[in-house]
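Could you build the full structure based on these sequences and the hints that come with them?
One-letter residues, chain by chain:
2 protein chains.
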Amino acid sequence: MGSERPATTRRQMLTRIGILAGSAGLYQAMTSMGHAMGTDFRGAPELKGARKGTRVIVLGAGLAGMLAAYELRKAGYSVKILEYQNRAGGRNITLRGGDTVTELGGHTQKVGFAPGNYINPGPWRIPYHHQALLHYCNAFGVALEPFIELNHNTWLHSTKAFGGKPVRYREYASDFFGYTAELLSKAINQHKLDDVVSAEEQKHVLESMRGWAGLTDTNAWAKGDRSSLRRGFEKPQGGGPDGAPVPSDLLPRGEVMASGMWRNIAFHERLDMQTTMFQPVGGMDNIGKGFARQVQDLITLNCKVSAIHQDDHGVKVTYADMAHGGAMKTEEAEFCVCTIPLPVLSQLDVQVSGKMKEAISAVPYASSVKLGLEFRRRFWEQDDRIYGGVSFTDQPISQISYPSAGIFTKGPGVLLGGYMFGPAAYDFAGMTPQERVEEGIRQGLKIHPQYRKEFLNGVGFAWSRMPWTLGCCSMWSEQARKQHYGTLTSMDNRIVLAGEHASYVGCWQEGAVLSSLAAITALHKRAAGGA
Amino acid sequence: MGSERPATTRRQMLTRIGILAGSAGLYQAMTSMGHAMGTDFRGAPELKGARKGTRVIVLGAGLAGMLAAYELRKAGYSVKILEYQNRAGGRNITLRGGDTVTELGGHTQKVGFAPGNYINPGPWRIPYHHQALLHYCNAFGVALEPFIELNHNTWLHSTKAFGGKPVRYREYASDFFGYTAELLSKAINQHKLDDVVSAEEQKHVLESMRGWAGLTDTNAWAKGDRSSLRRGFEKPQGGGPDGAPVPSDLLPRGEVMASGMWRNIAFHERLDMQTTMFQPVGGMDNIGKGFARQVQDLITLNCKVSAIHQDDHGVKVTYADMAHGGAMKTEEAEFCVCTIPLPVLSQLDVQVSGKMKEAISAVPYASSVKLGLEFRRRFWEQDDRIYGGVSFTDQPISQISYPSAGIFTKGPGVLLGGYMFGPAAYDFAGMTPQERVEEGIRQGLKIHPQYRKEFLNGVGFAWSRMPWTLGCCSMWSEQARKQHYGTLTSMDNRIVLAGEHASYVGCWQEGAVLSSLAAITALHKRAAGGA
Numbered sequence: 013m014g015s016e017r018p019a020t021t022r023r024q025m026l027t028r029i030g031i032l033a034g035s036a037g038l039y040q041a042m043t044s045m046g047h048a049m050g051t052d053f054r055g056a057p058e059l060k061g062a063r064k065g066t067r068v069i070v071l072g073a074g075l076a077g078m079l080a081a082y083e084l085r086k087a088g089y090s091v092k093i094l095e096y097q098n099r100a101g102g103r104n105i106t107l108r109g110g111d112t113v114t115e116l117g118g119h120t121q122k123v124g125f126a127p128g129n130y131i132n133p134g135p136w137r138i139p140y141h142h143q144a145l146l147h148y149c150n151a152f153g154v155a156l157e158p159f160i161e162l163n164h165n166t167w168l169h170s171t172k173a174f175g176g177k178p179v180r181y182r183e184y185a186s187d188f189f190g191y192t193a194e195l196l197s198k199a200i201n202q203h204k205l206d207d208v209v210s211a212e213e214q215k216h217v218l219e220s221m222r223g224w225a226g227l228t229d230t231n232a233w234a235k236g237d238r239s240s241l242r243r244g245f246e247k248p249q250g251g252g253p254d255g256a257p258v259p260s261d262l263l264p265r266g267e268v269m270a271s272g273m274w275r276n277i278a279f280h281e282r283l284d285m286q287t288t289m290f291q292p293v294g295g296m297d298n299i300g301k302g303f304a305r306q307v308q309d310l311i312t313l314n315c316k317v318s319a320i321h322q323d324d325h326g327v328k329v330t331y332a333d334m335a336h337g338g339a340m341k342t343e344e345a346e347f348c349v350c351t352i353p354l355p356v357l358s359q360l361d362v363q364v365s366g367k368m369k370e371a372i373s374a375v376p377y378a379s380s381v382k383l384g385l386e387f388r389r390r391f392w393e394q395d396d397r398i399y400g401g402v403s404f405t406d407q408p409i410s411q412i413s414y415p416s417a418g419i420f421t422k423g424p425g426v427l428l429g430g431y432m433f434g435p436a437a438y439d440f441a442g443m444t445p446q447e448r449v450e451e452g453i454r455q456g457l458k459i460h461p462q463y464r465k466e467f468l469n470g471v472g473f474a475w476s477r478m479p480w481t482l483g484c485c486s487m488w489s490e491q492a493r494k495q496h497y498g499t500l501t502s503m504d505n506r507i508v509l510a511g512e513h514a515s516y517v518g519c520w521q522e523g524a525v526l527s528s529l530a531a532i533t534a535l536h537k538r539a540a541g542g543a
Numbered sequence: 013m014g015s016e017r018p019a020t021t022r023r024q025m026l027t028r029i030g031i032l033a034g035s036a037g038l039y040q041a042m043t044s045m046g047h048a049m050g051t052d053f054r055g056a057p058e059l060k061g062a063r064k065g066t067r068v069i070v071l072g073a074g075l076a077g078m079l080a081a082y083e084l085r086k087a088g089y090s091v092k093i094l095e096y097q098n099r100a101g102g103r104n105i106t107l108r109g110g111d112t113v114t115e116l117g118g119h120t121q122k123v124g125f126a127p128g129n130y131i132n133p134g135p136w137r138i139p140y141h142h143q144a145l146l147h148y149c150n151a152f153g154v155a156l157e158p159f160i161e162l163n164h165n166t167w168l169h170s171t172k173a174f175g176g177k178p179v180r181y182r183e184y185a186s187d188f189f190g191y192t193a194e195l196l197s198k199a200i201n202q203h204k205l206d207d208v209v210s211a212e213e214q215k216h217v218l219e220s221m222r223g224w225a226g227l228t229d230t231n232a233w234a235k236g237d238r239s240s241l242r243r244g245f246e247k248p249q250g251g252g253p254d255g256a257p258v259p260s261d262l263l264p265r266g267e268v269m270a271s272g273m274w275r276n277i278a279f280h281e282r283l284d285m286q287t288t289m290f291q292p293v294g295g296m297d298n299i300g301k302g303f304a305r306q307v308q309d310l311i312t313l314n315c316k317v318s319a320i321h322q323d324d325h326g327v328k329v330t331y332a333d334m335a336h337g338g339a340m341k342t343e344e345a346e347f348c349v350c351t352i353p354l355p356v357l358s359q360l361d362v363q364v365s366g367k368m369k370e371a372i373s374a375v376p377y378a379s380s381v382k383l384g385l386e387f388r389r390r391f392w393e394q395d396d397r398i399y400g401g402v403s404f405t406d407q408p409i410s411q412i413s414y415p416s417a418g419i420f421t422k423g424p425g426v427l428l429g430g431y432m433f434g435p436a437a438y439d440f441a442g443m444t445p446q447e448r449v450e451e452g453i454r455q456g457l458k459i460h461p462q463y464r465k466e467f468l469n470g471v472g473f474a475w476s477r478m479p480w481t482l483g484c485c486s487m488w489s490e491q492a493r494k495q496h497y498g499t500l501t502s503m504d505n506r507i508v509l510a511g512e513h514a515s516y517v518g519c520w521q522e523g524a525v526l527s528s529l530a531a532i533t534a535l536h537k538r539a540a541g542g543a
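So the protein lines, in turn, are chains Z and F.
Our numbering puts the first residue of the first sequence at 13, with every later residue one more than the last.
Our numbering puts the first residue of the second sequence at 13, with every later residue one more than the last.
Treat the hints with care, since some could be wrong.
The list treats identical chains as one, so a pair stands whether inside a single copy or across any two.
Claimed, not checked - With a Cα cut of at most 30 Å, we get these calculated DSSO-like pairs of lysine-lysine:
id, residue 1, residue 2
1, K198, K215
2, K422, K60
3, K86, K422
4, K204, K172
5, K316, K92
6, K215, K177
7, K422, K172
8, K172, K215
FYI, nobody ran anything at the bench for these hints, they're computed from the structure.
This is how it looks when you write it as structure tokens:
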């Protein structure tokens, strides 16, 4: 079970380097090898010694499936991919003007965006440490550009704080840091923490608080140039005789602490959301297209799998060929990599162990809805001076994200008008597409009064209504992880599962890619060991 | 004196809106008009009713001078620009392969960068709130792209902390926030702050600290998944059977507080350094070129001004025409906009009031040195997974900044190998160019062991050795500002000064632009009022 995984190997190598080079050498080796780097990827797998022509059937032409096919074919396997949709890419999707979205329930939306505008209803950003995905993007010629996640000038909005008026991220964050530093300084100065902080360290803590948060010389967070040089001035610094700035008022401490908006600061400190992030130039589906270019000839589209059977000799997949009137067909192979999302897979006739069946049914999928709204002009840039990044609200739409590409361009722009996860996603999925968009506008107006006047058209994408995935992505509970993850990620005789659900990087493309590499490594080992 | 400046006007307008629309309307108006927006720019000046053909001579073809000429000509003035250098742009410079840098002392450097690579020895980034500069970039067709300033994966290095080994920004910042939140939580929990924080607020503060910093349920900063989901795991989250992550060790609290590295967190919270920042595509001098395209026909290069005289009828400028053997020439006009940097201006024969002479001599200029180092490959991306942003060190080089453009490209890359301000800048300016580069490598090796092996060539740009500016930019003391700023920014009969030194946005291009607009507004008022 995965004894070739790098953890042990790496530790052994580090021990050897440590002995040879001493601890300084060890440190350098650790840092240059990926220690504390946030990536579990150290290059494409080397699948040596495959029996040429061993057949593998891959179910699903998402990133996990296409990558499995790509690497297995390279190793000498004979691979076929069956895909449910009439396109490759899986959840890696971009919607542009002219595209249609048909969902369970019968609604069809036609996207009305202007040429060049798009929205990514699925994955939309790539953290710097998702090195497996970045590696294949580069290998497959997918151009990337920075994705702006943190933006100090976006709005934070709560219906329950500051009179329901949005405040700038920089105003709130500066005040939150300032009050935090001031309070800790007070405790230190009044000798309230002498039991836990030595006299020497107290000096350091006071200096740290003052410098980090921009406190006054007496460690207070107060209105003045020093605080305004972070939160922004009431009258900004200018030129000429009247150039002197006027400091801005602080938000009251009680409301700052009670507002819960510190969540929006914490958000950007999460490993998954830290800078630098990336996006493919022109839309996320350029990744799917890049992967598809490698394995196009292996993919059969419009295959609705109904059964996956196996015995000691091989795997047999039964599917309806939707491109030919739904005719039932079968496909046989020695092995199968199955990337079908679990909510769909759990409803099929799959011949695996009882434990695997339990595992497949044990992982609920998040519902998620995204709204793409197109406006006549980029008023968020022109009026609000917001260039990329995210505004947050405690309303169900949760966030408004501004495009990182095309900044400063004239003409219509598209923003992410809402990103619902959890209960709000179920509410929005229950609406008609028009209602979703209207609700997005209604809530967005609290942050951007320009919304109604500038609105052109919109699209509301509900993941729970996509028949080929029935949800957005896997939501492992700790309990389910303990009980079922080992089973779910192990080969079940001739079948191995892959996809973000078979990883610890759930809901990210990186999880799909890493799980795919783990799956084919296991498959290859099993195949080499004899059938 | 600047009575047309917008502060009053804006306040009057807000009062009117407040009366009409109530306080909610007032708030919306304030936010959409620029309140707390960090910009003092509300559009190009409207200089109406100029007497056509009134002559203005502009000294200096930097951004301030070129903008003054552009707007004055538009208003009907007859404008000429005299420039010292053999190029327009002033301190807005980009160095590329084949360029030469000649400095006081006689050293000439020939830049050896590969095609496409460059370094900006002067300004190199544009904050989102520098709206005047952004406005003219857009008006003059200068393409901009995001400049990555904050990057959680860069290195922080101190010779006095953590055994002299660099730590990742995310590791340090997470631990600094964690310990800060933990200490404040302790003070609250032990009822040490009951006098300043009410019982109700205590609840909010505890929740804030826990959520903001990622503390445990009992408000401790501890090794575990929660802390590693910010600072990074020892073994990252992966896919397949062996995908479980292993948490990383924390840095010790005492060293975190004593290290002073909180300065590097605070740096990114400064209004000037907040996201989103921009840079011109292809090099900062594309701004200078964009401005120059507008006024090219007005510029005479290679003019070394020696005297600026004025009387009741006009201004007479005497200069050596360096393109013609240094022949002394004169140029006359009704008015003069002088953008000559103060260290140079203070040495010329300038006919202004005694108070203005004092003001011109009252502002010291920062010395500054920047190193551009070219390496065989982008090892900071390929080995260290650093894409843009800044690593900090307590060594004299102070910082290493990674290019925001060309990320993921193969081939040689150029980084900013040092940015010295203050005493370190004098030390580096005192070295030969080769010594500067060698010293940059020697210090950089503490952070990037790949430096020596991958080094190709470098350039060290010392601002104090540029004869046309004799320093990097103005360093106003509070005292000097009180005594001299009003004088320096007022018209002295027929002469008005402009440049970053005549602004509260010192050392930034925005200051040059805003001061230029203020200067020509004052000049126009004076001209309209009669000579």
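Do the hints match the structure? See the list:
1. K198 <-> K215: both (13 Å within a copy, 18 Å between copies)
2. K422 <-> K60: between (53 Å within a copy, 28 Å between copies)
3. K86 <-> K422: between (46 Å within a copy, 24 Å between copies)
4. K204 <-> K172: between (33 Å within a copy, 29 Å between copies)
5. K316 <-> K92: within (15 Å within a copy, 75 Å between copies)
6. K215 <-> K177: The answer is between: 24 Å across copies meets 30 Å, while 39 Å in one copy does not.
7. K422 <-> K172: neither (35 Å within a copy, 51 Å between copies)
8. K172 <-> K215: between (38 Å within a copy, 17 Å between copies)
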